[in-house]
Amino acid sequence: MTLLLTTISAEAAEHIVRIISDYKNLRMMFVPKYLEIEPGDRVTWVNEADEEHNVITFPDGYPRGADAFRSPIMTRAGERFSHQFDVPGTYEYHCIPHLPMGMHGLVIVDRPSSHDEFHEPAPAEVKAYRDLMMQWFDEGEFELPDHRERATID
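Residue numbering for the sequence shown follows this note's numbering, beginning at 1 and increasing consecutively.
Because the hints were derived from the structure by calculation, they are not lab data.
Heads up, the beta-carbon is just placed ideally off N, CA and C, and yes, glycines get one too.
One or more hints might be untrue.
[Said to hold, decoys possible] Label-pair ranges, simulated between beta-carbon atoms:
{"hint": "1", "residue 1": "N25", "residue 2": "Q84", "range": "14 to 24 Å"}
{"hint": "2", "residue 1": "I16", "residue 2": "K127", "range": "32 to 42 Å"}
{"hint": "3", "residue 1": "D116", "residue 2": "D22", "range": "34 to 44 Å"}
{"hint": "4", "residue 1": "Q84", "residue 2": "M133", "range": "33 to 43 Å"}
{"hint": "5", "residue 1": "G65", "residue 2": "Y23", "range": "21 to 31 Å"}
{"hint": "6", "residue 1": "A122", "residue 2": "Y23", "range": "38 to 48 Å"}
{"hint": "7", "residue 1": "E36", "residue 2": "G140", "range": "15 to 25 Å"}
{"hint": "8", "residue 1": "L26", "residue 2": "A122", "range": "13 to 23 Å"}
{"hint": "9", "residue 1": "Y34", "residue 2": "R70", "range": "34 to 44 Å"}
{"hint": "10", "residue 1": "G65", "residue 2": "A12", "range": "14 to 24 Å"}
{"hint": "11", "residue 1": "E120", "residue 2": "P39", "range": "34 to 44 Å"}
{"hint": "12", "residue 1": "Q84", "residue 2": "K127", "range": "19 to 29 Å"}
{"hint": "13", "residue 1": "R70", "residue 2": "E120", "range": "11 to 21 Å"}
{"hint": "14", "residue 1": "V46", "residue 2": "F137", "range": "31 to 41 Å"}
With the hints as constraints, model all of the structure from the sequences given.
Next comes the structure, spelled out in structure tokens:
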């Protein structure tokens, strides 16, 4: 008697998030702004205009054990950035140049993270993030709310 084992694996999905520059309404946005996916899925952000955009996680805006992500600045329509999500939880991201305009988004992988499941950044990580922000903003123009405060914003 021969025992045959087979493994059925679901193929990872790719999800597209459009990076929109809505000049008529003076809005910059990710569409969709909120996305629910499965572990192993990939999200690809696509810049739809000749406008400077990027995609970056908040330093405390992703689950412990996961990797932060940061795209380069995309300046042309059609430019893309992809990230594969393997660790379940909540990922909060934004566009640095347009964060004051409310350009941020959320990816939930499998289930939302509880407050105590978020990455706790080391001081060097917070400094590196702040240094990036200061390339775009003046001193005092930007304050970093933590993930608990962001949960109550928009």
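K127 and I16 - C-beta distance against the hinted 32 to 42 Å: holds, 33 Å
CB-CB spacing for Q84 and N25 relative to the 14 to 24 Å hint: Violated, since N25 and Q84 (Cβ atoms, about 33 Å apart) do not stay within the stated range.
Outcome for the supplied range 13 to 23 Å, where the beta carbon pair is L26 and A122: violated, 37 Å
CB-CB spacing for D22 and D116 relative to the 34 to 44 Å hint: holds, 37 Å
Beta-carbon spacing of G65 to Y23 - inside the hinted bounds 21 to 31 Å or not: violated, 40 Å
Q84 paired with K127, Cβ distance criterion 19 to 29 Å: At roughly 27 Å between Cβ atoms, K127 and Q84 fall inside 19 to 29 Å, so the hint holds.
A12 and G65 - C-beta distance against the hinted 14 to 24 Å: holds, 19 Å
34 to 44 Å as the expected CB spacing between R70 and Y34, which holds or is violated: violated, 20 Å
31 to 41 Å as the expected CB spacing between F137 and V46, which holds or is violated: Between V46 and F137, where Cβ atoms are some 26 Å apart, the hint is violated.
Whether the CB-CB distance between E36 and G140 falls inside 15 to 25 Å: violated, 36 Å
Outcome for the supplied range 11 to 21 Å, where the beta carbon pair is R70 and E120: holds, 18 Å
Satisfaction of the hinted span 38 to 48 Å by the C-beta atoms belonging to A122 and Y23: holds, 39 Å
Violated hints for the displayed structure, listed by number in ascending order: 1, 4, 5, 7, 8, 9, 11, 14.
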